[in-house]
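Residue numbers (this note's numbering), protein chains in the order written: chain W, 91 to 340; chain F, 91 to 340; chain V, 91 to 340; chain S, 91 to 340.
It is worth saying that the hints were derived from the structure and are not from the lab. Be a bit skeptical, because a hint or two may be false.
Which copy is meant is left open, because identical chains are indistinguishable; a pair holds if it fits in one copy or across any two.
As the list claims (entries may be wrong) - Only pairs whose alpha carbons sit at most 30 Å apart, straight line, appear in this in silico DSSO-like list of lysine-lysine: (1) 216 with 314; (2) 216 with 166; (3) 215 with 100; (4) 236 with 313; (5) 166 with 304; (6) 314 with 236; (7) 314 with 244; (8) 100 with 244; (9) 215 with 314; (10) 166 with 314; (11) 195 with 236; (12) 215 with 313; (13) 131 with 304; (14) 131 with 294; (15) 313 with 294; (16) 244 with 313; (17) 131 with 166; (18) 133 with 216.
In this text the structure is predicted, and so the values were computed from the model without any measurement.
There are 4 protein chains.
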Amino acid sequence: MGCAIEISEKPELNDPILIEGLPGIGFVANIAALHLINELKAKRFGAIVSASFQDFAVTTEGGGARSPLNELYYCKRNEGERDLIIWYGNTQALTTFGQYELCGKVLDIVQELGCRLVVSIGGFKKDEVRGVPVIYSAATDQETLKQVLDLGTKIMVGHVFGIAGLLVGLARLRSVRGFALLVDTVGMYPDANATRHALAALCKYLSLNIDLSKLDVTADETKKILDSFGLIRNLGEEKKKEEQQMRWFI
Amino acid sequence: MGCAIEISEKPELNDPILIEGLPGIGFVANIAALHLINELKAKRFGAIVSASFQDFAVTTEGGGARSPLNELYYCKRNEGERDLIIWYGNTQALTTFGQYELCGKVLDIVQELGCRLVVSIGGFKKDEVRGVPVIYSAATDQETLKQVLDLGTKIMVGHVFGIAGLLVGLARLRSVRGFALLVDTVGMYPDANATRHALAALCKYLSLNIDLSKLDVTADETKKILDSFGLIRNLGEEKKKEEQQMRWFI
Amino acid sequence: MGCAIEISEKPELNDPILIEGLPGIGFVANIAALHLINELKAKRFGAIVSASFQDFAVTTEGGGARSPLNELYYCKRNEGERDLIIWYGNTQALTTFGQYELCGKVLDIVQELGCRLVVSIGGFKKDEVRGVPVIYSAATDQETLKQVLDLGTKIMVGHVFGIAGLLVGLARLRSVRGFALLVDTVGMYPDANATRHALAALCKYLSLNIDLSKLDVTADETKKILDSFGLIRNLGEEKKKEEQQMRWFI
Amino acid sequence: MGCAIEISEKPELNDPILIEGLPGIGFVANIAALHLINELKAKRFGAIVSASFQDFAVTTEGGGARSPLNELYYCKRNEGERDLIIWYGNTQALTTFGQYELCGKVLDIVQELGCRLVVSIGGFKKDEVRGVPVIYSAATDQETLKQVLDLGTKIMVGHVFGIAGLLVGLARLRSVRGFALLVDTVGMYPDANATRHALAALCKYLSLNIDLSKLDVTADETKKILDSFGLIRNLGEEKKKEEQQMRWFI
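Let's have the full structure, built from the sequences with the hints guiding it.
In structure tokens:
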């Protein structure tokens with residue numbers, strides 16, 4: 091009852107890998123997922139609304155109304171390559187309970203599609219990031235961890251909050267493998283640079299050729315979407331239109 | 091378990107339109123819905139109690155006890171005209187979870203009755219409103235938006251909180267069309283003037299002739315009901331009866 | 091899942107009346123219910139544990155462990171007289187959601203036993219009560235209200251919070267009749283005097299002869315039980331045993 | 091939906107006793123349970139994830155990801171001796187609702203395995219503990235209480251918060267016997283000394299020979315696990331690694 095799921099297609103996938111891409115620190119996962127969807131022309135096959143999302147609609151400049159939403163996309167690859175499932179959305183759940191429920195439902199769906207490996211991407215908040223950001227990693231098992239460390243990542247020590255942590259932790263309890271890539275970021279804005287490095291590592295892991303030249307465009311697109319959902323505070327921004335500044339209850 | 095629904099009649103309706111009328115800013119939707127029910131002699135066919143409503147009863151001057159409640163009414167119109175379903179009540183749900191559940195249940199019920207268009211009405215809080223209030227609109231799709239802009243409304247940009255936003259957002263995810271009409275109001279009292287303009291726009295859209303001369307009476311009736319539910323603070327009001335001022339726990 | 095109900099016996103009852111007696115202001119209902127159970131030698135037939143009760147156990151001086159609990163008792167009366175169901179407990183639910191669920195479950199149970207009339211008792215908090223306390227009343231319908239006013243009660247105007255209000259409000263929505271008796275009380279301690287007057291009015295309504303001489307004993311017993319559950323703050327009390335003063339987590 | 095339970099084996103047990111060992115004051119139960127599991131080479135047969143646990147993963151120094159989790163172990167003993175079920179975990183539930191649900195599920199599972207006696211262990215917070223700590227006890231019934239007092243415990247008077255209290259209270263409502271052992275502890279760190287005394291009393295009750303010489307090692311192990319879950323604040327500890335000090339959201 092807490093989650094309404096609509097599956098429009100049940101794709102036949104080859105040993106698919108789930109890539110989580112909800113908004114979080116630095117919006118790294120969110121930009122990465124949108125970029126993969128755009129570049130791979132991934133196909134939407136599922137939508138999830140949770141009663142633990144915020145209860146409002148967001149109107150766009152064109153007058154359209156959008157709700158907080160999670161979506162599932164898939165991308166079939168060449169013969170012999172593992173297919174991808176991308177979990178994209180404009181929000182995480184507001185409550186711990188909702189996070190567990192959401193993550194459990196997504197795992198149910200992708201496991202039914204044969205998924206045995208999940209990847210979450212995230213930002214690791216630093217006060218300052220100079221040069222090439224470090225990527226930290228955590229995994230469900232030693233074999234997977236070794237593969238991820240071979241990408242040039244360092245071992246993560248500490249808490250992984252939110253869906254990114256929950257996904258890898260719950261996957262492990264379901265005997266699904268998984269790892270998290272956590273990249274240094276100042277974290278207050280959609281960080282294209284951090285995303286570029288995280289995505290490069292992920293693509294290396296997946297043997298995936300993705301054009302990263304338009305990543306800034308994707309970061310801007312992400313910023314615009316999340317902005318409308320109130321997820322980014324643009325402190326330096328110029329005065330917005332009167333309508334946008336007023337928060338109101340209908 | 092969270093919502094108890096009682097459907098006393100399952101009306102046969104012609105391509106019905108749902109009009110949402112719960113209390114909100116300026117109580118515009120609430121007055122409008124009550125006025126439509128009164129003027130159209132709409133018939134009650136459903137009642138909804140949610141565990142996310144407040145847990146009290148309200149006693150009237152006559153000693154009766156009333157609970158927080160939502161109701162569904164229908165109104166059959168002439169041959170060839172679209173029938174109406176009116177969603178009326180003295181409260182919204184207290185929690186995000188409850189709002190989603192309530193809105194989902196109502197959509198379930200009205201979709202089963204063939205509803206493919208939903209309308210929510212609301213107030214758009216302004217510090218001051220002079221002359222004719224502006225009406226803003228948002229819609230699920232461009233075609234519907236165009237129809238609503240043709241009524242003389244402006245495009246809404248920003249968040250639509252509460253049931254009014256949720257209804258249009260969730261409708262879109264169910265491939266049900268919908269729009270929201272949001273009218274300028276100072277918003278602290280039941281605003282008959284704002285309601286008059288919103289209702290005039292709605293009636294134009296519905297090709298509905300409604301006598302608006304008694305709207306002030308409906309606004310007073312609404313004020314009295316909501317007052318008893320503690321939803322309106324009448325700062326300027328004279329000292330009430332001793333019993334009414336004391337809040338107590340039984 | 092939220093409520094675990096255990097029904098040990100399904101009594102055959104003659105047009106039974108439900109009397110609600112959970113702790114509240116002045117603990118009037120709680121004392122009244124316990125006194126009725128004691129004097130009528132009512133028989134326990136049901137127990138309800140809700141996940142919305144507090145999560146602790148209370149140990150008694152004898153070392154026993156007690157949980158927050160609600161119970162249902164019945165009392166069969168003489169041929170031709172209406173039987174009684176008494177809803178007793180050491181707590182209400184902690185959340186609005188829990189209150190609705192609890193009240194709904196109890197109504198389900200008693201309606202299945204043929205109950206068509208419910209009574210809630212409560213305290214009406216006053217800063218000072220002199221002489222005979224006033225009893226206010228609210229009812230589901232005019233006929234029932236008239237009967238209750240005939241007992242010498244006054245019309246209640248305002249909110250009836252908690253289970254007492256919810257019970258009468260939800261009863262009305264189920265077409266079950268009901269009324270609330272609300273008696274003036276300072277409300278900070280188990281008020282035997284207020285209970286005596288409320289119970290006298292109730293017994294008059296029920297044509298029930300109850301010995302009220304031991305009511306002070308019942309009030310003391312109630313105080314002791316509720317005290318152990320931390321529901322009464324005995325500001326003036328002497329220093330308690332070391333163990334009782336320490337709140338701790340196991 | 092709130093609890094996901096995975097039972098890998100349904101052991102045949104002889105009149106088993108449940109021993110609860112979740113983290114609490116002084117981490118007494120948690121150390122005791124882990125020590126029993128280690129020393130008795132108890133076998134894991136169940137895992138429970140609750141949506142009321144925290145929504146994060148914890149990474150270890152080796153890069154592994156762990157989730158908040160509860161586990162069930164069993165230990166078969168010699169012919170004629172009662173077998174043991176040990177309820178171990180790195181967390182209790184975060185909400186009252188979650189605690190009731192978790193405790194109810196565990197009782198469901200162990201009752202199906204024939205369990206008719208439950209034991210919870212806990213710390214009783216004191217400002218100072220000198221010499222041999224006192225053990226307090228509470229029980230579901232007088233017969234069980236007498237057995238526990240015979241171990242040299244004193245009667246507990248007051249509240250038993252959390253799972254330890256809930257378990258004994260809910261057991262009683264299910265006609266399952268049970269008792270709680272609550273040992274004096276300062277409570278801010280995993281207290282090996284308090285655990286030693288509580289475990290000695292428990293082993294005496296169970297006629298169980300357990301080597302307690304390695305209890306300090308178990309306390310250290312417990313400290314390390316709970317530390318990583320943020321359950322212990324080591325105020326006096328030296329500056330940790332940069333990664334550990336930063337809390338961040340992925």
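Structure-based check of all given hints:
1. Taking CA atoms no more than 30 Å apart as the test, residue 216 paired with residue 314 passes in both settings, with 24 Å inside one copy and 25 Å between copies.
2. In this homomeric assembly, residue 216 and residue 166 never come within 30 Å of each other (Cα to Cα): the closest approach is 36 Å inside a single copy and 51 Å across copies.
3. Within a single copy, residue 215 and residue 100 get their C-alpha atoms no closer than 37 Å, and across copies no closer than 45 Å, so neither meets the 30 Å cut-off.
4. Taking the shortest Cα distances, residue 236 and residue 313 sit within 30 Å of each other only across copies (27 Å), while inside one copy they are farther apart (34 Å).
5. With identical chains, the CA atoms of residue 166 and residue 304 are at most 30 Å apart within one copy only, with a shortest distance of 22 Å there and 55 Å across copies.
6. Within a single copy, residue 314 and residue 236 get their C-alpha atoms only as close as 37 Å, which misses the 30 Å cut-off; across copies the closest is 24 Å, which meets it.
7. Proximity of residue 314 to residue 244 under the C-alpha cut-off of 30 Å is restricted to the inter-copy arrangement: shortest distance 21 Å between copies versus 32 Å within a copy.
8. Taking the shortest Cα distances, residue 100 and residue 244 never come within 30 Å of each other, neither inside one copy (37 Å) nor across copies (41 Å).
9. In the homo-oligomer, the alpha carbons of residue 215 and residue 314 lie at most 30 Å apart both inside one protomer (22 Å) and across protomers (24 Å), since each shortest distance falls under that limit.
10. Taking the shortest alpha-carbon separations for residue 166 and residue 314, only the intra-copy value of 29 Å comes in at or below 30 Å, while the best inter-copy value is 44 Å.
11. When the C-alpha separation of residue 195 and residue 236 is checked against a cutoff of 30 Å, the pair qualifies only within one copy, where the shortest distance is 29 Å, while the shortest distance between copies is 37 Å.
12. When the C-alpha separation of residue 215 and residue 313 is checked against a cutoff of 30 Å, the pair qualifies both within a copy, at 18 Å, and between copies, at 27 Å.
13. With identical chains, the CA atoms of residue 131 and residue 304 are at most 30 Å apart within one copy only, with a shortest distance of 14 Å there and 57 Å across copies.
14. Taking the closest pair of Cα atoms, residue 131 and residue 294 come within 30 Å of each other only inside a single copy of the chain (19 Å); across copies the shortest separation is 43 Å, beyond that limit.
15. Taking CA atoms no more than 30 Å apart as the test, residue 313 paired with residue 294 passes inside one copy only; the shortest distance there is 26 Å, against 38 Å between copies.
16. For a Cα distance limit of 30 Å, the shortest separation of residue 244 from residue 313 qualifies both inside one copy, at 28 Å, and across copies, at 25 Å.
17. For the identical chains of this complex, residue 131 and residue 166 are intra-copy neighbours only, at 10 Å inside a copy versus 47 Å across copies, given an alpha-carbon limit of 30 Å.
18. In this homomeric assembly, residue 133 and residue 216 never come within 30 Å of each other (Cα to Cα): the closest approach is 35 Å inside a single copy and 42 Å across copies.
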